[in-house]
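Asker: Required output: the full structure, derived from the provided sequences and hints.
Here our numbering runs 381 ahead of the position in the sequence shown, where the first position is 1.
If you are wondering where the hints come from, they were derived from the structure by calculation, not from laboratory data. Among the hints, a few may not be true.
Listed below are the simulated DSBU-like cross-link pairs for lysine-lysine, each with C-alpha atoms no more than 35 Å apart in a straight line [as the list claims (entries may be wrong)]: (1) Lys-457 <-> Lys-474; (2) Lys-457 <-> Lys-447; (3) Lys-391 <-> Lys-457; (4) Lys-457 <-> Lys-498; (5) Lys-391 <-> Lys-498; (6) Lys-447 <-> Lys-498; (7) Lys-391 <-> Lys-447.
Treat the numbers as computed from the prediction; the structure is a model and nothing was measured.
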Amino acid sequence: MQHSLWDAAKDVMAMEFQGAPLCAAIIPTASSDRHHLLTDQANWSFFNAHVIAARAASFAPSALNKVRSLVESLPKRLSREAVGGHFFFVGAKGARAAAQAILALHAETLAVEAELKSCS
Numbered sequence: 382m383q384h385s386l387w388d389a390a391k392d393v394m395a396m397e398f399q400g401a402p403l404c405a406a407i408i409p410t411a412s413s414d415r416h417h418l419l420t421d422q423a424n425w426s427f428f429n430a431h432v433i434a435a436r437a438a439s440f441a442p443s444a445l446n447k448v449r450s451l452v453e454s455l456p457k458r459l460s461r462e463a464v465g466g467h468f469f470f471v472g473a474k475g476a477r478a479a480a481q482a483i484l485a486l487h488a489e490t491l492a493v494e495a496e497l498k499s500c501s
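Answerer: Written as structure tokens, this is what we have:
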């Protein structure tokens, strides 16, 4: 059986941004997790920009500069660093840092959603 990348992407709805939620990222700092360290913020910002663009399709043209500014702020607003690699949750210190990051990112995601709603 032959499978294509396009069929797989359609199957998981990888490019269906309209109904997708905004995503936040906790990014590792360890060089042993080099790929995530270098790409996670950009990857999730790319995703979030497309989610917002899909939602903004019906916004008035006068709102688009505000939406653009919001999109430009997302990399810093919707990401936090966690010391270590994928195992930064190990131990009390890592768990505490992760929990604090999750709470902060949740609050920031709600704030971004409210700002986006005010543009519609």
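Asker: For Lys-457 and Lys-447, compute the direct alpha-carbon distance and say whether it is at most 35 Å.
Answerer: holds (17 Å)
Asker: Below or equal to 35 Å on CA atoms is what counts here, so check Lys-457 against Lys-474.
Answerer: With Cα atoms ~23 Å apart, Lys-457 and Lys-474 stay inside 35 Å; holds.
Asker: Holds or violated: Lys-391 with Lys-457, Cα cutoff 35 Å?
Answerer: holds (30 Å)
Asker: Under the criterion that the straight-line Cα-Cα distance not exceed 35 Å, is the pair Lys-447, Lys-498 satisfied?
Answerer: holds (11 Å)
Asker: Would the hint linking Lys-391 and Lys-447 be met if the CA-CA limit is 35 Å?
Answerer: Holds. Lys-391 to Lys-447 sits at ~31 Å (cutoff 35 Å).
Asker: Against the 35 Å threshold, does the CA-CA distance of Lys-391 and Lys-498 hold or violate the hint?
Answerer: OK: Lys-391 and Lys-498 at ~28 Å, within 35 Å.
Asker: Tell me if the straight-line CA distance from Lys-457 to Lys-498 falls inside 35 Å.
Answerer: holds (20 Å)
The structure agrees with every numbered hint stated previously.
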